[in-house]
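As they're listed, the protein sequences go chains A and B.
Mapping of the first sequence onto this note's numbering: residues 1 to 300, in sequence order.
Mapping of the second sequence onto this note's numbering: residues 1 to 300, in sequence order.
For the record, the hints were derived by calculation from the structure and aren't laboratory data.
This structure is a prediction, so every number in the text was calculated from the model and none was measured.
For glycine and all other residues, C-beta sits at the position ideal for the given N, C-alpha and C.
You may find that some hints are simply not true.
[Unchecked claim] If you want the footprint, here are the derived chain A segments under chain B, 3+ residues with CB under 8 Å:
hint : region
1    : 175–185
2    : 194–208
[What the hints assert, rightly or not] The calculated lysine to aspartate or glutamate pairs, modelled on DMTMM-like cross-linking and capped at a C-alpha distance of 25 Å, are:
hint : chain 1 : residue 1 : chain 2 : residue 2
3    : A       : 202       : B       : 137
4    : A       : 23        : A       : 55
5    : B       : 202       : A       : 55
[Said to hold, decoys possible] Partial selection, computed: residues in chain B whose CB lies under 7 Å from chain A:
hint : residue
6    : 182
7    : 211
8    : 214
9    : 290
Number of protein chains: 2
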Amino acid sequence: MTLLVVGSTAFDTIETPFGKAEKCLGGSSTYFGLAARLFTPVQLVSVVGEDFPAEHKQLLADRDIDLAGLEIKPGKTFSWHGRYSADMNNRDTIDVQLNTFGDFEPKVPESYRDTPFVFLANGSPATQASVVDQMTDPRFVVADTMDLWIDNDRDGLLALLKRIDGLIVNDSEVKSLTGESNLIAAGKAALKLGPTMVIVKKGEHGCFVFSNYFHYALPAYPTETVVDPTGAGDSFAGGFMGYLANCDIISLANMQRAVAYGTVTASLNVEGFGVDCLANTDRATVERRYQELMQFVSGV
Amino acid sequence: MTLLVVGSTAFDTIETPFGKAEKCLGGSSTYFGLAARLFTPVQLVSVVGEDFPAEHKQLLADRDIDLAGLEIKPGKTFSWHGRYSADMNNRDTIDVQLNTFGDFEPKVPESYRDTPFVFLANGSPATQASVVDQMTDPRFVVADTMDLWIDNDRDGLLALLKRIDGLIVNDSEVKSLTGESNLIAAGKAALKLGPTMVIVKKGEHGCFVFSNYFHYALPAYPTETVVDPTGAGDSFAGGFMGYLANCDIISLANMQRAVAYGTVTASLNVEGFGVDCLANTDRATVERRYQELMQFVSGV
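Between the sequences and the hints, there should be enough to build the whole structure, so can you do that?
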């Protein structure tokens, strides 16, 4: 089944201990889409400026990503410049220019409104809710969020959580959202806010999955070459949602495998600058790495 | 088979957000022993002062811990006072008095020298090596260490690593030992220093096991009630070594199960102050929690 993602498209300038990449293709919808397209066709709703080059559009279109929902507005594309610390566990934002993304009002094309699987990348709860409003009875809606919205629009976020099926957040976000300092308690508490599934991302430590039916812990893929962590969360979500949309049936077993596929696409993403690795990988590589991950967690 | 532990015995004063425990029974050999005795008889080599109360000895002796190697010297018992941060991820040492432990020279009783399984709790590499010197061809020797020795007696530590079978360290220690900033690379590099097995503890994030035959990742048991993290590492090591010594056969499959049992004993330990929980648990509780852990990591 097709899968809709609504989020940012950006120019990223990234500095890590491994080097620097200038003005490369980035944004949550891009990372998500390039991971998800390994499993299923993707529809993208986002906005860019008139400076967004044709080759970036071509790169996405060549990879099963439908751009009918990519709005081109007068002005410049969202741009971000970040610098990672030596151990890459922290990053400073050197510069951010929201430009055309500043007043993003997602317009879901008529042809996308029946799409059953929807991912709301990080954005204001109001923007995310406006997407849900435009959809016709979607089957599985998952949202990302961040501290900014947890701190500044808690009411809006809590209202959104009652309208979605899944929430993907990181460890500090779920603690801050629920007020629980223990991660297990926080994950369980987040379930009570509405979603039937909560995934807590822990970066190099893997993730937890909380649902009313099972709790599950999966370590990260044991990569030795983290070159650029940008987009790890979105490429995780892309692999997760892409696999699940391709299965079509939302069973617990499929959800569990989907988490492992998300873990794999995130691991591929961080091994290159920007979207380089994700854009140039294929399903066979994903499958090999999936088997390696299963071996790593099942042991002997 | 029997299992020998060589390490400290102490009076601990512990402050956590959940309360304060004064002058309670502590030390690496105690935490290790109380975890390991759930699986196999334990022989303890340590030192205390004349102030060490009979009831502490009784508590250990009542739990299958042989105290023939517990030396009582003139003076006071090692004492430690620590205070944990609000999230319990950091602790400050308020006071430490080495007392009789300051010049600890482990004397392995004649009757212990044939013991096949040996755990060298944290101590100077010279002290640890002196234990290996006293043993008659032990089958499986595992050591803990810490940053103090990695930084200040690297040569001594590297020499020790060539004489032992397993190393149990935490994530920052293995990075510092090997100079590798990536944890997977660090674990593999540590294997090249001598041990055939390296376990990297990651606290609430579980552990990695590195060997020449398999790499394995296991999340922590999903406990919601961390009351006092003191002794988590030693109670992990105790469960691991205790289970393995009880199996007697050192196979990869047994090692993998032993890691899960160590994870379980550590999770029981942190749910109470000092050794309270460990001293009052039983094998049936351990088995129930082992099954829960297996469920948590296998999912559906």
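Tell me the numbers of any earlier hints that the structure contravenes, in ascending order. 3, 5, 7, 9
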